[in-house]
Every structure is written in structure tokens, then in C-alpha cells.
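Participant: If you want the building blocks of each chain, they are given just below.
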Amino acid sequence: MKPLEDDDLILYLYGESEDPEAVRLQLESSAELRARCESLRRVLATVDAVPVPGRGESYGAEVWARLAPRLAREGREGRRLSFPVRPRLQDPGWARWAAAALVLIAVGFGLGRLWPRPATLAPQARDRILLATVAAHLDRSERLLAEVAHTPDASDGVDLSAERAWARDLLAANRLYRQSTRQAGRPRLAGVLDELEPFLLDLAHAPDELPAAELAALRERIASQALLFKVRVASDHLENRKQTL
Amino acid sequence: MERTEISVVRLARAGDAEAFRELVESHSSKLFRLAWRITGDEATAEDVVQEAFLRAYRSLGRFDERAQFGTWLHRIAVNAALEIVRKRQRHLAPSHGVEEPPPSPDPGPDRVALGLEVERAVRSALAGLSPMERTAFVLRHFEGRSIAEICDQLGLGASAGKQAIFRAVKKLRRVLEPFAERIEKQEVKL
Chain A
0 MKPLEDDDLI
10 LYLYGESEDP
20 EAVRLQLESS
30 AELRARCESL
40 RRVLATVDAV
50 PVPGRGESYG
60 AEVWARLAPR
70 LAREGREGRR
80 LSFPVRPRLQ
90 DPGWARWAAA
100 ALVLIAVGFG
110 LGRLWPRPAT
120 LAPQARDRIL
130 LATVAAHLDR
140 SERLLAEVAH
150 TPDASDGVDL
160 SAERAWARDL
170 LAANRLYRQS
180 TRQAGRPRLA
190 GVLDELEPFL
200 LDLAHAPDEL
210 PAAELAALRE
220 RIASQALLFK
230 VRVASDHLEN
240 RKQTL
Chain B
0 MERTEISVVR
10 LARAGDAEAF
20 RELVESHSSK
30 LFRLAWRITG
40 DEATAEDVVQ
50 EAFLRAYRSL
60 GRFDERAQFG
70 TWLHRIAVNA
80 ALEIVRKRQR
90 HLAPSHGVEE
100 PPPSPDPGPD
110 RVALGLEVER
120 AVRSALAGLS
130 PMERTAFVLR
140 HFEGRSIAEI
150 CDQLGLGASA
160 GKQAIFRAVK
170 KLRRVLEPFA
180 ERIEKQEVKL
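In the order they appear, the protein sequences are chains A and B.
So the first sequence is numbered by numbering that gives the first Met the number 0: it starts at 0 and just counts up by one.
So the second sequence is numbered by numbering that gives the first Met the number 0: it starts at 0 and just counts up by one.
Rather than coming from a laboratory, the hints here were simulated on the basis of the structure.
Virtual Cβ for every residue (Gly too), placed ideally from N, Cα, C.
Careful, some of the hints might be misleading.
[What the hints assert, rightly or not] So, partial list: chain A residues that the calculated Cβ filter (under 7 Å) puts toward chain B:
#1 41
#2 59
#3 160
Using the sequences provided together with the hints, build the complete structure.
Facilitator: Here's what the structure looks like:
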């Protein structure tokens with residue numbers, strides 16, 4: 000039987016062990032393991048010692064009081080919302096506009112059904128799906144870059160195993176999206192993914208404990224190649240495109 | 000007849016501001032607790048709550064009625080909190096993350112003092128986590144979300160999600176283990 004590590008004990012304590020019975024048996028047979036598990040349990044219990052600052056019963060009303068003017072401002076600025084803001088019912092102008100819009104939608108819908116579908120619809124749909132997928136990928140990559148850029152220094156090396164596993168997940172997807180965006184005629188987007196890939200590759204193969212100097216080199220790479228900035232710009236661009244497609 | 004939450008959501012989606020107000024009022028406290036645990040700062044948590052409701056308002060039309068409104072809002076708040084914490088970190092000195100040095104685990108005069116010391120130590124230890132580690136830990140430890148749910152919510156692979164939690168627990172342990180032992184000894188004595 001594989002000896003249990005702290006990671007297994009953490010999963011066990013959170014009820015997420017794949018084989019809790021096996022863990023329980025090992026705990027029963029080893030005092031040292033029980034002590035380690037107990038120590039972890041105590042630490043986790045200690046975290047609960049910090050009370051959350053209280054909020055009174057009127058807190059929801061206070062939040063609304065601050066939020067309502069912002070929502071009203073958004074409405075005035077004509078920001079596109081995903082649902083209509085109901086105007087005052089006594090406003091006759093609103094009713095006229097709504098009726099006209101309904102007629103236009105109905106006519107448009109009818110024409111759309113009668114008109115033959117343009118042959119470009121399938122590639123457009125494909126493009127939309129590709130952009131949405133790459134946008135999600137860039138968003139995850141941006142988080143990873145930010146995570147590495149903000150990892151605190153430690154003189155005895157930094158444990159980047161989580162980021163490493165994360166980079167591994169992203170790396171395979173990045174290769175695929177790089178090829179797909181190039182084939183879809185989006186060289187600039189493919190270029191950003193191109194630049195991202197060597198970074199993901201190196202991080203995916205980084206050691207468990209990264210020496211402080213190597214962490215500094217990774218950060219320097221993010222900064223000097225403006226990687227985070229480029230990924231963020233591409234991600235924002237795709238978000239805007241998604242809304243117009 | 001009492002209104003169900005989904006009926007309130009439908010009204011809000013149809014543009015009823017009062018219905019949206021009802022949703023804000025019933026979910027604010029819960030969102031604040033979540034936001035405070037992720038950000039560790041009251042003012043930032045307030046901003047997260049505002050931002051989360053603003054985003055929810057903008058995308059209410061895309062809410063899938065098969066889902067729970069609270070779960071959907073929770074997800075929006077987690078993402079807003081992560082984003083706000085990261086943006087603020089970008090504007091701070093690189094030393095940010097640990098607001099103050101971890102307090103000494105030397106014995107205090109009494110249990111009250113120990114309580115305060117522990118509280119300070121926990122805050123300091125949580126501040127030493129990266130935004131992703133802290134968020135993953137908060138979702139697992141305080142919010143009781145499964146690791147699969149956390150990975151889905153944060154856009155992480157299964158392995159990366161687990162590693163974020165493992166790392167968080169190990170970092171917390173480095174700071175908090177001496178306190179955890181002292182608490183137990185004091186409880187035995189008292």
C-alpha cells in the first residue's frame with residue numbers, strides 16, 4: 000500500500016479522499032500518521048478562529064442604496080444590458096417604441112424563415128465558438144500569469160507545483176488553439192498564443208521547488224515580453240468581439 | 000402567496016427594479032462574508048459586493064433558470080473578488096501579500112490574549128497566500144464546495160485545483176502549527 004502523504008490527509012479531512020477506508024485503516028495502524036493528521040486538523044480548525052466582521056440587518060438595504068444610482072446611471076448611459084429595464088408604464092413613448100420593436104422583430108423573424116440561409120452561416124458559427132473558447136483559454140492564462148507575477152518571494156525556494164499543473168493543462172489547449180486560430184485567419188491572435196506557449200512549456204517543466212532566482216527570471220520574462228499585457232489585451236478584444244458577434 | 004426566488008428573478012429580468020432590490024437585499028450579507036474571506040479587507044469586500052451585483056444585473060438575461068440564483072451569484076462574486084484583488088495587487092509594492100510579520104508564538108498572558116494573537120496569525124497567514132490559493136481554500140474550507148466545483152468555478156484543471164488547496168493548507172500550517180498546539184494546551188489547562 001502506498002504510504003500516505005500530507006496531500007492525501009488533506010483530501011481525507013475534507014471528505015474528498017478517493018479511498019477513505021484505506022486512509023482510515025492506515026491511520027489506525029500508524030501513530031505517526033495519526034499525529035500528522037491530527038496536526039493538520041488542528042491547523043484547519045485554527046483558521047476558523049477569525050470572525051467575519053459583522054453586518055447589521057439593514058446591510059442589504061445599504062448595499063441597494065449604493066447600487067441603485069449606479070444601475071440608474073448605466074441605464075442613462077445606454078449601456079447594453081442583457082435584459083430590459085422596465086420603464087414607467089404611464090410613459091406612452093415607451094409603449095410606442097416597444098410596439099414598433101415587436102413588429103420589427105416579428106417581420107424580421109418571418110423574413111428570416113422565408114429567406115434562404117446564407118452559406119457563410121456555418122463558418123460564422125464556427126468562428127464564434129472558436130473565439131469563445133479561446134477567450135476562456137486566455138482568461139485562464141491571464142490568471143496563471145498574474146498568479147506567477149504575484150507569487151511572494153521566499154529565500155528557500157518557491158513551491159510552484161500548482162502553477163506547474165495549471166500550465167500543463169493550458170499547454171495542450173494552447174497548441175490546439177494556436178493552430179485553429181491560424182487556420183481561421185487570425186494571425187494576431189495566433190501570435191499571442193505563440194508567445195505564450197514557450198512560457199507555459201517552461202513552467203510546466205519547472206521543478207517542484209523553484210529557486211528564488213528562477214522565479215525572478217519567470218517574472219522578468221512576463222514583464223519584458225509584456226506577456227500579461229498582451230494576453231489581457233487579446234482577452235479584452237475577444238470579449239468585445241463576443242458581444243458584437 | 001409567498002413568492003419563490005425564481006419568480007423574483009423572472010420579475011427582475013423583466014426589468015422590475017423592486018424585484019432586483021429584493022434579490023440584492025436577500026443575498027448581500029452572504030456575499031459580503033464570501034468577499035471578505037477572499038479579500039481579507041472590509042472596504043475591498045464592499046467593492047466586491049457592489050461589483051458582483053452590478054455584473055449580475057448586466058447579465059441577468061443570460062441566467063439559466065435551471066440553476067440556483069444564489070449559486071450563479073456566488074460564482075460572479077468569486078470572479079469579481081479575484082479580479083479586484085489582483086488589480087489592487089498590481090498597484091501595490093511587491094512585498095504586499097503579508098500585511099504584517101507573523102506574530103511570535105510565545106505564550107501570551109491569558110487565553111484572551113492568545114485568541115487575539117491567533118486571530119492576527121490567521122489573518123497574516125491568509126494574506127501570505129496568492130489570490131488563487133486563497134480563493135480555492137476559502138471555497139473549500141469555508142464555503143464547503145467540492146474540489147470539482149472549485150475547479151469548474153475557477154477555470155482550473157483538476158490537478159491545478161487540488162494543488163492550489165494543498166499549497167494553501169501547507170502555507171497556513173507553516174505559520175499556524177505552533178498556535179494550534181498552544182490552543183490545545185491552553186484548552187487542556189483551562
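Participant: Hint by hint, note whether the structure agrees.
Facilitator: Outcome of the hint check:
Satisfaction of the interface hint for residue 41 of chain A is found here, the shortest Cβ-Cβ separation to chain B being roughly 4 Å, below the 7 Å cut-off. Checking residue 59 of chain A against chain B by beta carbon gives a least distance of about 3 Å; that is within 7 Å, so the hint holds. Interface hint at residue 160 of chain A: satisfied, since its Cβ lies 5 Å from the closest Cβ of chain B, which is below the 7 Å cut-off.
In this structure, every one of the numbered hints holds.
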